[in-house]
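2 protein chains.
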Amino acid sequence: MKAYMDYGASRPVDPAVLDAMMPYFCDSHGNPSSFHSHGFEALKAINIAREQVTALVGAEASEIVFTSCATESNNLAIAGATIRYRKRGKRVVISEIEHISVINIGKELSRQGFEIVMAPVDETGIVDVDKLGELVNDETVLVSIMAANGEIGTIQPIKEAAEIAHSHEAIFHTDATAAAGQIPLEAATMGFDLMTLSSNDLYGPKGVGALYLRKGLRLKPHMIGGGQEGGLRSGSENVPGIVGMGKAADLMIRRMEAEGERLTGLRDRLIRGVLDVVPESYLNGHPTKRLPNNANIRFSYVEGEALIISLDQLGIQLSSGSACVAKTLEPSHVLRALGLKHEEAHGSLVFTLGKDNRGDDVDYVVRGIPDVVSKLRAMSPLTPPELR
Amino acid sequence: MKAYMDYGASRPVDPAVLDAMMPYFCDSHGNPSSFHSHGFEALKAINIAREQVTALVGAEASEIVFTSCATESNNLAIAGATIRYRKRGKRVVISEIEHISVINIGKELSRQGFEIVMAPVDETGIVDVDKLGELVNDETVLVSIMAANGEIGTIQPIKEAAEIAHSHEAIFHTDATAAAGQIPLEAATMGFDLMTLSSNDLYGPKGVGALYLRKGLRLKPHMIGGGQEGGLRSGSENVPGIVGMGKAADLMIRRMEAEGERLTGLRDRLIRGVLDVVPESYLNGHPTKRLPNNANIRFSYVEGEALIISLDQLGIQLSSGSACVAKTLEPSHVLRALGLKHEEAHGSLVFTLGKDNRGDDVDYVVRGIPDVVSKLRAMSPLTPPELR
Chain A
24 MKAYMDYGAS RPVDPAVLDA MMPYFCDSHG NPSSFHSHGF EALKAINIAR
74 EQVTALVGAE ASEIVFTSCA TESNNLAIAG ATIRYRKRGK RVVISEIEHI
124 SVINIGKELS RQGFEIVMAP VDETGIVDVD KLGELVNDET VLVSIMAANG
174 EIGTIQPIKE AAEIAHSHEA IFHTDATAAA GQIPLEAATM GFDLMTLSSN
224 DLYGPKGVGA LYLRKGLRLK PHMIGGGQEG GLRSGSENVP GIVGMGKAAD
274 LMIRRMEAEG ERLTGLRDRL IRGVLDVVPE SYLNGHPTKR LPNNANIRFS
324 YVEGEALIIS LDQLGIQLSS GSACVAKTLE PSHVLRALGL KHEEAHGSLV
374 FTLGKDNRGD DVDYVVRGIP DVVSKLRAMS PLTPPELR
Chain B
24 MKAYMDYGAS RPVDPAVLDA MMPYFCDSHG NPSSFHSHGF EALKAINIAR
74 EQVTALVGAE ASEIVFTSCA TESNNLAIAG ATIRYRKRGK RVVISEIEHI
124 SVINIGKELS RQGFEIVMAP VDETGIVDVD KLGELVNDET VLVSIMAANG
174 EIGTIQPIKE AAEIAHSHEA IFHTDATAAA GQIPLEAATM GFDLMTLSSN
224 DLYGPKGVGA LYLRKGLRLK PHMIGGGQEG GLRSGSENVP GIVGMGKAAD
274 LMIRRMEAEG ERLTGLRDRL IRGVLDVVPE SYLNGHPTKR LPNNANIRFS
324 YVEGEALIIS LDQLGIQLSS GSACVAKTLE PSHVLRALGL KHEEAHGSLV
374 FTLGKDNRGD DVDYVVRGIP DVVSKLRAMS PLTPPELR
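In order, the protein sequence lines correspond to chains A and B.
Each residue of the first sequence is one higher than the one before, counting from 24 in the numbering used here.
Each residue of the second sequence is one higher than the one before, counting from 24 in the numbering used here.
It is worth saying that the hints were derived from the structure and are not from the lab.
Be aware that one or more of the hints could be misleading.
Computed footprint of chain B on chain A, listed as stretches where at least three residues anywhere in the stretch have a Cβ under 8 Å from a Cβ of chain B [stated by the list, open to error]:
id	segment
1	60-69
2	87-98
Distance condition first, Cα-Cα at most 25 Å in a straight line; then the derived DSS-like pairs of lysine-lysine [as the list claims (entries may be wrong)]:
id	chain 1	residue 1	chain 2	residue 2
3	A	Lys-130	B	Lys-25
4	A	Lys-312	A	Lys-243
5	B	Lys-113	B	Lys-130
6	B	Lys-312	A	Lys-113
7	B	Lys-113	A	Lys-243
All values reported here derive from a predicted model rather than from experimental measurement.
By construction, the Cβ of each residue, glycine as well, lies at the ideal position given by its N, Cα and C atoms.
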């Protein structure tokens, strides 16, 4: 028995996506900038992909820029807009629980003289809209609030956040890496100026991302060179990758609703199953305002890494936080923002479900966890006698 | 009959490379940062690829950073080193015929207060080492000279250029996008501090590149985020792409010598065939110090774009310059640097040969070109009577 529940860290490419990509590796391999039939074919392929991504997020084709990953989209969006419009003000407001790339781009901007202000979240991990309203002022050039957090699953009030930003003429960016394809996002109607998208999070290939850029908005390019992607992203286009992201977006449009319901069912079965059986286990994040595929559960007196290694031996793959920051072995800044203590944040597991998970997998995981937790607790000097 | 001779703009992925990539799309799809078996498998795969790229360029594995393309490698290398070591001086020396990404990164650095100095080339397109020696001084922080030019094929005196840079304690970068896999490059013995590599130019997938970074050298990262690639290139790794680049490098090591001889033969057959038959046609670049796969031929009284469209209808794909700047429709800055006039630069064709070309293709192209050139010349008011 196996159960991969780390779709937040990495997703398999959908076989239909891979099929769509295949012709562009060996046969139709042209450079979209080439002035001949092979080039035109490649250009046509990336334009179709652009329309497909467009359709997922309620944009126009001219508003989508392909990049190499969500991290690059965040770099282009946040640094690109902040520097381009720096005359509007020096303040940049982001939430405490943004992806590490957004946090670290903020640090770089603060070295360049910008003032980075962190908007707090409540204990369920939802950005406090009132406090955000107090932090955004007329000196604010950009506000960046993620659409949903990939680690604790909380869905953020981004429509309200965009309104707050716009009431002060600030630009609004949302990192929709974890949310896109899971919950409906309509860039135009929801008031986004910039939105980050990741291909792999849609079951597309790794090495591709996109940035929605509202018509009329300008950016300082991040990747400098031959002026591809309307001058915003230089470098020869990754044609098979872009084709794959387009196909993945296209599939997601049709599957999102039914798959969201299915995953919500599995998620709740998993949460109830674990919390009912394991003493001193708690759900991190919000009970209902969370992504259909995300469960984040805290176990007292256990180290997350030890849990992960033990569960891996049972064929269960999970994460103890974002894979993006796993290498640091620091406790998650997201869990710390909820007010959790260092040791509490360390004892958490992130379950991110996906297309190949079934009820059987969930039951297997629910059966496996209590034993693993008990064994690890028995080894810890901190565990109270009644839990041994 | 078909003849694709635009390998400089885009190469098909080698089928063996695609085979090597395939397991990493759907099955072994882990995130190398994940702390479980799927993650370890992905990490192992990219480390093998790192060793393979290492072997192609005489480096150590710790000296290779994977990026999303050669343009990104150039951004990371040139901006990253120049800004990191800015205290060493404000001067950056590049050649006049660098890739557009290097030229444009230079422009951006000049806006940031650096002094960008262009080293000239002679009329064959070889960097003038004496003049380079005069331009590099103790105020120079970085020298960037490409290993070979992809458009005119000239192989540059980079060992000498590196020595000049080092004699002033400047950092030496070479863009080896067009050269790697065609001519031997040994980073350690040839004195490179930084070297840009492209996957697709090795018959690897698009959307991947690498940067050789000499041990001990530090860079300001270009892509900010979760700290992947030793902190130098954030963003979840493109595992299938990296595996593909590794495999492509591995194949290239074994094939380079024989394939170089084969392509040199085809190249010379092509050059002689065209020059012998078409009046007022000339070879751009150096007659012998050129890449095995490159021929660049100038036809008086003809527009390159018109030639390309006409030849495309015969199934022959070529370029009139670098695809990277084709969109601008400006005459090539490379040909202008050779001293060619605007109209001369416009009437040039770039032939870049590759693995699927055979003697038949060359003969087909040699047979096709005279007729096309004659027809276009007949339509031009500038053509002298004797050529009509």
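Hint check:
no., hint, result
1, 60-69, "holds (count 4)"
2, 87-98, "holds (count 7)"
3, A:Lys-130 to B:Lys-25, "54 Å, violated"
4, A:Lys-312 to A:Lys-243, "35 Å, violated"
5, B:Lys-113 to B:Lys-130, "13 Å, holds"
6, B:Lys-312 to A:Lys-113, "53 Å, violated"
7, B:Lys-113 to A:Lys-243, "23 Å, holds"
Going down the numbered hints, you'll see the structure goes against 3, 4 and 6, while the others check out.
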